[in-house]
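Line order of the protein sequences matches chains A and B.
According to numbering that gives the first Met the number 0, the first sequence holds residues 0 to 453 in order.
According to numbering that gives the first Met the number 0, the second sequence holds residues 0 to 488 in order.
What the hints contain is simulated information worked out from the structure, not anything from laboratory work.
One or more hints might be untrue.
[Said to hold, decoys possible] Covered, in the sense of this in silico footprint (three residues per stretch, anywhere, with C-beta under 8 Å from a C-beta of chain B), are these stretches of chain A: (1) 146-153; (2) 168-178; (3) 224-233; (4) 297-305.
Predicted model only: the values in this text are computed from it and were never measured.
Just so you know, even glycine gets a beta-carbon here, dropped at the ideal spot from N, CA and C.
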Amino acid sequence: MAFIPHTAADIEEMLAAIGVASIEQLFEEIPPALRTRNLPAVPSALNEMQIGRLMMQRALADGQPLSFLGAGAYEHHIPAAVWAITTRGEFYSAYTPYQAEASQGTLQTIYEFQTMIASLTGMQAANASLYDGASAFAEAVLMAVRLNRKSESLRVLVPRTVHPHYRLAARSITANQEIRLEELDYARESGRTSREALERYAGEDIAALAIQQPNFFGVLEDVDALSTWAQSRSIPIIAIVNPVSLALLKPPGEWGGGADIVVGEGQPLGVPLSSGGPYFGFLATRMQHVRQMPGRVVGRTLDLAGRPGFTLTLQAREQHIRRGRATSNICTNQGLLVTAATIYMSLMGPQGLERVASASHERARELIAAITQVPGVRAAFTSPFFHEAVVRLDRPVAPLLAALAERDILGGLDLTGSYPELGNALLTCATETKTSADIERFASELRAVLSSAT
Amino acid sequence: MQPQPEKLIFEYSRSGRGATDQWPPTAATPPAIPESLRRARPPLLPEVSELDAVRHFTRLSQLNFSIDTHFYPLGSCTMKYNPKACNAFAMLPQFLARHPLAPESHGQGVLACLHELQEMLKAVTGMQAVALGPMAGAQGEFAGVAMIRAYHRARGDQARTEIIVPEAAHGTNPATATMCGCSVREIPVDADGDVSLEALRSAVSERTAGIMLTNPSTLGVFERRIVEVAAIVHGAGGLLYYDGANLNAILGKVRPGDMGFDVIHVNLHKTFSTPHGGGGPGSGAVGVSARLEPFLPVPIVVRDADRYRWLSEADRPQSIGRLSAFAGNTGVLLRAYVYMRLLGREGMRQVGECATLNANYLLARLTEAGFDAAYPKRRASHELIVTLKRQARELDVTAMDFAKRLLDYGVHAPTTYFPLLVPECLLIEPTETESRETLDRFVEIMVRIQREAEQDAERVRGAPHTMVVRRLDDVRAAKQLDLTWKPTV
Numbered sequence: 000m001a002f003i004p005h006t007a008a009d010i011e012e013m014l015a016a017i018g019v020a021s022i023e024q025l026f027e028e029i030p031p032a033l034r035t036r037n038l039p040a041v042p043s044a045l046n047e048m049q050i051g052r053l054m055m056q057r058a059l060a061d062g063q064p065l066s067f068l069g070a071g072a073y074e075h076h077i078p079a080a081v082w083a084i085t086t087r088g089e090f091y092s093a094y095t096p097y098q099a100e101a102s103q104g105t106l107q108t109i110y111e112f113q114t115m116i117a118s119l120t121g122m123q124a125a126n127a128s129l130y131d132g133a134s135a136f137a138e139a140v141l142m143a144v145r146l147n148r149k150s151e152s153l154r155v156l157v158p159r160t161v162h163p164h165y166r167l168a169a170r171s172i173t174a175n176q177e178i179r180l181e182e183l184d185y186a187r188e189s190g191r192t193s194r195e196a197l198e199r200y201a202g203e204d205i206a207a208l209a210i211q212q213p214n215f216f217g218v219l220e221d222v223d224a225l226s227t228w229a230q231s232r233s234i235p236i237i238a239i240v241n242p243v244s245l246a247l248l249k250p251p252g253e254w255g256g257g258a259d260i261v262v263g264e265g266q267p268l269g270v271p272l273s274s275g276g277p278y279f280g281f282l283a284t285r286m287q288h289v290r291q292m293p294g295r296v297v298g299r300t301l302d303l304a305g306r307p308g309f310t311l312t313l314q315a316r317e318q319h320i321r322r323g324r325a326t327s328n329i330c331t332n333q334g335l336l337v338t339a340a341t342i343y344m345s346l347m348g349p350q351g352l353e354r355v356a357s358a359s360h361e362r363a364r365e366l367i368a369a370i371t372q373v374p375g376v377r378a379a380f381t382s383p384f385f386h387e388a389v390v391r392l393d394r395p396v397a398p399l400l401a402a403l404a405e406r407d408i409l410g411g412l413d414l415t416g417s418y419p420e421l422g423n424a425l426l427t428c429a430t431e432t433k434t435s436a437d438i439e440r441f442a443s444e445l446r447a448v449l450s451s452a453t
Numbered sequence: 000m001q002p003q004p005e006k007l008i009f010e011y012s013r014s015g016r017g018a019t020d021q022w023p024p025t026a027a028t029p030p031a032i033p034e035s036l037r038r039a040r041p042p043l044l045p046e047v048s049e050l051d052a053v054r055h056f057t058r059l060s061q062l063n064f065s066i067d068t069h070f071y072p073l074g075s076c077t078m079k080y081n082p083k084a085c086n087a088f089a090m091l092p093q094f095l096a097r098h099p100l101a102p103e104s105h106g107q108g109v110l111a112c113l114h115e116l117q118e119m120l121k122a123v124t125g126m127q128a129v130a131l132g133p134m135a136g137a138q139g140e141f142a143g144v145a146m147i148r149a150y151h152r153a154r155g156d157q158a159r160t161e162i163i164v165p166e167a168a169h170g171t172n173p174a175t176a177t178m179c180g181c182s183v184r185e186i187p188v189d190a191d192g193d194v195s196l197e198a199l200r201s202a203v204s205e206r207t208a209g210i211m212l213t214n215p216s217t218l219g220v221f222e223r224r225i226v227e228v229a230a231i232v233h234g235a236g237g238l239l240y241y242d243g244a245n246l247n248a249i250l251g252k253v254r255p256g257d258m259g260f261d262v263i264h265v266n267l268h269k270t271f272s273t274p275h276g277g278g279g280p281g282s283g284a285v286g287v288s289a290r291l292e293p294f295l296p297v298p299i300v301v302r303d304a305d306r307y308r309w310l311s312e313a314d315r316p317q318s319i320g321r322l323s324a325f326a327g328n329t330g331v332l333l334r335a336y337v338y339m340r341l342l343g344r345e346g347m348r349q350v351g352e353c354a355t356l357n358a359n360y361l362l363a364r365l366t367e368a369g370f371d372a373a374y375p376k377r378r379a380s381h382e383l384i385v386t387l388k389r390q391a392r393e394l395d396v397t398a399m400d401f402a403k404r405l406l407d408y409g410v411h412a413p414t415t416y417f418p419l420l421v422p423e424c425l426l427i428e429p430t431e432t433e434s435r436e437t438l439d440r441f442v443e444i445m446v447r448i449q450r451e452a453e454q455d456a457e458r459v460r461g462a463p464h465t466m467v468v469r470r471l472d473d474v475r476a477a478k479q480l481d482l483t484w485k486p487t488v
């Protein structure tokens with residue numbers, strides 16, 4: 000029980016060695032009034048067979064609908080090798096690599112990961128991960144404010160085209176440090192951050208500007224124009240990017256004069272959707288900013304015999320050394336997911352990743368073309384998009400999605416709540432996992448549902 | 000046999016290679032993306048066959064110590080066995096495939112697991128409400144302190160911005176306080192490891208937002224006067240935050256809610272055996288008393304009759320908000336759920352009992368073998384501290400040296416140099432899943448290293464000798480930063 004190996008005989012002998020008569024004596028320092036007698040609200044133990052059966056039932060209850068959902072988490076094929084290796088006990092049940100000599104596997108994997116992320120983002124250094132894209136964005140805001148010593152304002156410009164949940168999480172995480180996140184509106188026709196809205200801040204003291212590419216609508220922003228605007232005013236740029244898209248798109252290191260901090264959600268790189276987590280956030284930056292990076296970072300060095308090896312470095316930034324003056328309180332990060340992503344990127348390589356990005360882009364174009372053929376559905380924006388896009392409908396989205404769900408199709412995300420000005424708007428996505436047959440099925444079910452309703 | 004170093008993956012690259020069977024076919028049409036936004040040069044990713052990648056990462060894994068392969072008595076980390084069943088069931092294909100924004104109609108299974116997990120965590124911690132969103136202990140701490148601040152502000156009290164922490168606290172505690180815009184006030188612990196009540200009475204004021212405590216403390220001993228500590232802090236108008244890092248010591252035996260804590264976080268990757276994964280993912284689920292419930296981070300699962308659904312910002316206007324894009328580390332939560340169902344109420348209690356038994360057994364055997372316990376007059380909780388300051392002084396062999404020599408004997412070192420209060424310390428946490436033979440062997444090895452320290456100190460100071468690398472130059476690592484591989488040509 001409870002994976003405890005002791006027999007009654009073991010326990011007896013151990014108690015004798017300690018010199019006590021019972022296990023209860025070991026708890027004698029705890030005031031009796033505090034001791035729990037039992038836990039009636041916790042069910043009795045199940046064995047593995049029983050819990051296995053229950054979990055199977057529950058998994059089946061959730062089904063496996065055909066999904067066209069994106070909005071920050073993307074379905075991509077994950078080669079079987081990725082999780083076969085990642086769940087090896089030596090990776091799965093290892094700890095944070097504090098004893099470097101006994102953790103070279105983990106440390107080297109992270110070093111390889113840092114190399115890949117830095118290159119993908121066009122930056123010079125990357126950390127060993129943060130929790131997810133949204134909290135990474137929050138950490139980037141805090142980092143940008145620390146870096147920008149010239150600014151006194153603590154005002155950070157965040158376009159409305161940044162993922163709504165990223166904006167909410169950043170607000171929760173930075174609010175107590177008096178940082179003000181100010182929203183920039185988008186142009187209604189293009190779906191891109193509005194140049195006019197940005198110009199209103201022309202003479203102001205701004206601590207940083209965030210740019211998401213592709214943005215939440217899937218639309219491609221004019222990153223050079225936005226970057227140049229910020230750089231000409233010495234405003235640091237926080238880029239929020241999709242790592243798979245970076246196989247096709249110009250990386251933030253090359254936007255205008257280059258972004259200062261790049262973050263994003265790493266889930267598309269070999270991490271399953273799993274109802275939202277565990278994922279991982281990545282953060283990359285310029286070499287001169289590394290001492291302000293939050294989170295762990297691995298460096299290569301030499302051992303006593305002059306051979307190369309890997310170790311956690313720049314630990315003076317972190318909570319276990321700097322305590323109240325640390326760059327962040329983060330300790331545990333998302334190591335296992337980083338392992339999976341590194342294996343994924345190694346399997347796919349630059350060409351494979353480009354194929355995934357291109358195929359996803361192509362499927363999404365096919366998807367939008369097919370569903371905008373259905374009466375009552377039209378594209379919301381005129382701009383190029385990566386692998387998701389917004390369509391407008393002639394009737395409310397929620398009942399439509401419910402009807403599709405009954406047909407085991409998840410059509411996308413209803414934007415009515417977060418962008419009411421768009422009217423009945425749906426954000427829909429296709430990746431390389433969708434076939435033409437899938438898209439045809441979606442289009443025909445959509446047509447059926449729209450024509451049968453009043 | 001000495002393990003062989005493994006090249007960097009990039010060093011296996013050959014132009015044009017890749018796991019080509021995994022690549023989608025080339026797109027039929029060119030991308031509809033303006034040239035000015037296109038990537039000009041491919042990223043530096045490996046170009047290797049699938050087999051090369053598989054061999055590389057398999058060999059890398061073999062360079063690690065892990066619970067599956069080695070005794071790993073890292074204090075405060077709770078390196079207990081990670082049951083394979085937890086992984087297998089959390090990774091059922093339908094759970095893996097579900098999108099975070101999928102409708103509740105297609106989520107009753109996972110939501111049932113999450114709701115039941117919330118309920119079980121409430122029961123074992125004695126708290127009124129639980130939120131599962133925070134993705135690690137540190138994020139749980141952030142949520143907790145943010146809730147304390149929100150609570151005081153909601154009462155109209157803007158003055159409470161000080162967080163009290165014992166000097167032995169884990170670094171995340173003061174770091175969290177700073178992230179929440181609070182100042183930190185440290186108080187000493189006395190010679191027996193308890194928080195000084197006198198110091199606490201002087202430290203509390205109308206500026207006190209709350210105190211952050213671990214119990215058993217980071218010194219490996221139970222805070223015996225916790226009830227008085229709670230009375231002092233509550234009496235001054237502050238709240239009590241419980242850092243759940245050491246919950247394994249008291250699981251099923253004592254509940255933080257009963258000790259007077261207002262808000263807690265639980266480390267699911269410690270007490271509830273979700274995998275450490277080489278540095279995460281973790282989960283820092285938070286529990287609160289009734290008065291803090293409105294401030295819990297969203298989303299939270301609720302049950303209406305027999306349907307489960309999410310509560311979000313709109314349902315909880317006073318919430319401190321969300322801390323992630325979606326619902327947190329759901330896959331980790333499913334593993335914790337399976338683990339708690341496998342334990343059941345009887346198993347919880349046995350965990351607390353045997354974790355404590357194992358630590359006290361080690362304490363007895365190590366002190367009998369001549370090692371110095373940091374708190375010899377106290378019972379160990381689920382962990383114990385041995386100080387090697389005598390060895391450092393008399394033999395010039397430090398805790399670091401012992402730690403590195405342990406690696407040569409196939410044991411992962413305990414936590415070293417934490418807590419900072421105890422010089423040359425080893426914080427040793429065996430956990431309940433280790434057999435008596437493993438513990439006896441650990442004592443034997445420690446005795447052997449002690450003898451080596453007396454007779455051949457250089458051997459210990461130069462350890463490890465049998466790992467893939469010798470001791471690494473940390474100073475060089477920080478001074479000559481090499482954080483990414485660069486091609487030589």
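Three-residue Cβ test at 8 Å for the coverage of the segment 297-305 of chain A by chain B: n = 8 at 8 Å, threshold three: holds.
Assertion that chain B covers the segment 146-153 of chain A - criterion: three or more residues, beta-carbon distance below 8 Å: violated (count 0)
Per-stretch coverage check for the segment 168-178 of chain A, three Cβ contacts closer than 8 Å to chain B: Our answer is that it holds, as 8 residues pass the Cβ test (under 8 Å) against chain B, meeting three.
Within 8 Å of chain B's CB atoms, at least three CB atoms from the segment 224-233 of chain A: coverage verdict: Three-residue rule not met by the segment 224-233 of chain A, so violated; n is 0.
Violated hints, listed in ascending order, are 1, 3; each of the other numbered hints is respected by the structure.
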